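Chains A and B supply the protein sequences, listed in that same order.
Sequential numbering from 1 applies to the first sequence in this note's numbering.
Sequential numbering from 1001 applies to the second sequence in this note's numbering.
Take every hint as true, because none was put in to throw you off.
Here's a subset of chain B near chain A, in silico, CB distances under 8 Å, partners left out:
no.	residue
1	Leu1050
2	Leu1052
3	Ala1053
4	Ser1054
5	Pro1073
6	Val1079
7	His1083
8	Ala1084
9	Ile1097
10	Leu1098
11	Thr1102
12	Gly1103
13	Gly1141
Think of the hints as simulated: they come from the structure by calculation, not from any bench.
Bear in mind that the values here come from a model prediction, so they are computed numbers and not experimental data.
Don't be surprised by glycine CBs; every beta carbon is placed ideally from N, CA and C.
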Amino acid sequence: MTWLRLVRAELRKLTTTKIPWGFLAVLVVLSAVTAAAVVWGTDADGSKGFVSTAEDQQSLTAFGANAMIIAGLFGAIAVSREYGHGTVVPTFLAAPRRHRAVLAQYTAVLLGGALLGLVGAALTVAGVAAALPTTDYGFLMSAGAVTQVLAASTFMGASGAVLGAGIGAIVRNMGGAVTGAVLLLLVIPPLAVQLAPEAISWVPGALVGVLSGLGGDVAMLTAVLVVVIWGAVPAAVGLVLVQRRDVV
Amino acid sequence: MYPLNVEHMSKNYGDEVAVDDLSFTVEPGRVTGFLGPNGAGKSTTMKILLDLASADRGSATIGGTRYRELSDPARTVGVILEHAYHPARSGRNHLRILADATGIPQSRVDEMLELVGLTHASDRAAGAYSLGMRQRLGLAGALLGDPPVLVLDEPGNGLDPQGIRELRDLLRSRAANGGTVFVSSHLLAEVEHLADEVIVVHRGRLVTKGVLSDLQQTGVLVRTPSPEPLRRILESTGATVQIREHGALLVSGLPITDIGDQACAAGIALHELSPESGSLEDLFLAWTGNNEPSVVPIQPAPAEREVAQT
Chain A
1 MTWLRLVRAE
11 LRKLTTTKIP
21 WGFLAVLVVL
31 SAVTAAAVVW
41 GTDADGSKGF
51 VSTAEDQQSL
61 TAFGANAMII
71 AGLFGAIAVS
81 REYGHGTVVP
91 TFLAAPRRHR
101 AVLAQYTAVL
111 LGGALLGLVG
121 AALTVAGVAA
131 ALPTTDYGFL
141 MSAGAVTQVL
151 AASTFMGASG
161 AVLGAGIGAI
171 VRNMGGAVTG
181 AVLLLLVIPP
191 LAVQLAPEAI
201 SWVPGALVGV
211 LSGLGGDVAM
221 LTAVLVVVIW
231 GAVPAAVGLV
241 LVQRRDVV
Chain B
1001 MYPLNVEHMS
1011 KNYGDEVAVD
1021 DLSFTVEPGR
1031 VTGFLGPNGA
1041 GKSTTMKILL
1051 DLASADRGSA
1061 TIGGTRYREL
1071 SDPARTVGVI
1081 LEHAYHPARS
1091 GRNHLRILAD
1101 ATGIPQSRVD
1111 EMLELVGLTH
1121 ASDRAAGAYS
1131 LGMRQRLGLA
1141 GALLGDPPVL
1151 VLDEPGNGLD
1161 PQGIRELRDL
1171 LRSRAANGGT
1181 VFVSSHLLAE
1191 VEHLADEVIV
1201 VHRGRLVTKG
1211 VLSDLQQTGV
1221 LVRTPSPEPL
1231 RRILESTGAT
1241 VQIREHGALL
1251 VSGLPITDIG
1261 DQACAAGIAL
1271 HELSPESGSL
1281 EDLFLAWTGN
1291 NEPSVVPIQP
1301 APAEREVAQT
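Working from the sequences, and respecting the hints, build out all of it.
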C-alpha cells in the first residue's frame, strides 16, 4: 500500500532527528513544575486545598490544554521544516499525487502528537502522585478519572498536532508556522472570548474541561467534534494549498 | 525506453518569464546536457517535468506520460534537484526514508552507499558532509530505485576530480544501457566530456540543441596550394569561406565530403581537409549573448602614462 509506505517514511522522519527528544524534555520539565507546585505551592490561605479532593487533583492533572499547544508546535515544526530543508521534494517525487503524501504526513504527526499528549499527561499524573506524600493528602483520583485525563490529553495532542501540521503546510516557514500555531492556540481564543463571551464554550481550554471530566457547557460528543474541527480546518486548508502550489 | 518530451512549455512567476515556449526532446541511450546561464529556466523546466511546478502552457512528459501519471515514479525517474536533506539526519537514515516512501528494499540503501563511496560516513549527520559528499548522497538517492531515467540538476557541483570521473562513467554507462540521462550543469568542461547532446536555453527560450560534436563544428579547415580558385568554386556552391592565415580556408555550409569532391573535380590538390571545432565555452558564451571577451584593459606603461597626462 503506497499510503502506508508513506506513513512509515514520515514516522521515520520524525524519529530520526532530535525533535521528539526536545519535546519530551519539555514534558518532563512541565510535569516537574506541576510536582514542585504540589510540594511548595499553597492556596491564598496557605493551605493545600488545591489537591485536597479527587476533583482538584483531576483538574490539576488535566494536561489537555498543554498537550494541544505543545503538539501544535510539534506539528508546525515537523511539517514546516520539511519545506525549509527541502525534504518535501523527494516526498512529492515519491508521491506526485500530493494529497497522499500530505495525509501521510498528517497521520504521522497525529500519532506523534497523541503520544506527546499521553506521555505529558502520564508524567503529570506521576509527578503529582509522587509529590502528594509531601502533603497531608493522598492520591485520590480513581482509575477511571486517570484514564479520562490520559485519554483527553491524548486526543487534544492528536488534534493539536494536526492543527500545527496544517499551519505548517500553509505557511511553509518554521518561524511563521510556530507563530501561527501560538496565535491560533494562545492568542486568538481569549481574544475571541473578549469579543464574544458565548465563544468561551468552544475554545480549547473549555473543551479540555469537558473531555477530562471536569464539566462544561457542551456535551462530550460535541466537545469531541469541536476539537476535531479545531485540527481539521487548518489541515484541510493546508491540504488544498499544497496541491495547488508549486514546490519552490 | 523513456524519452523526455517538452512541448511549448511556458511558465511565468508574476511578471518574470521563467520559461517561454520551450520545446525539446531528450532521447534515451545518450547523455543530454542542459545548459544555460543562471536564471535561464533550467530548474523550472526540470520541476515542471517532475510535476513539482505547473506550466502555464504546454506540457512535459516522460515516456509519453506525465510524471504524476507514472505507475511507479521512483523506479522510473531518479532525481537530483537540490540539496534536500535534514542536516541532523544521517545519510543512511535519509536513504532509508526514501526507501520507505517508495517501497524499495532497505538492502538497496547499503548498496547505494557503497556505490557512491559513502559507507564510511553513512551514520554521520548529513549536515556535517562536505558539498561533494552531499552530492554523492543525492546521487545515491537518485539511483535507489535503479531507474531508467535520470534527471540531475548540477550533479557534479563540489565533486573532486575522482568523483567527477566516477559520475561521468556512471552516467555514460547508464546511457549506454538505454537509459535517458538529462543533466544540467554549469561545468562546461565537464559537459564537454560527458554529454552526447546539448540543449541550451537562455531567458527561458531554446537557443540551440543538437549533437554536441556537430554543434561544436565551426567549419572545415582546408589547406591547398590554390586557395583562391578553390574559394571561388566553393562559394559558387553556396558555402561560406573565410580566409585564414597562410592561405588556409575555413569552409562552412558544405559537408566535408562535398568539399573534397569539389576540389577533386577541379583538379585542385588538398594538403589538409579537417573538421574545425570550437570550445564549448566559446560557443556557450556566443549562444547566450555573453560573447564579449573579458579583456582587462591594459594599463599603459609609466612612461606612456606620463605622456598621456601631459
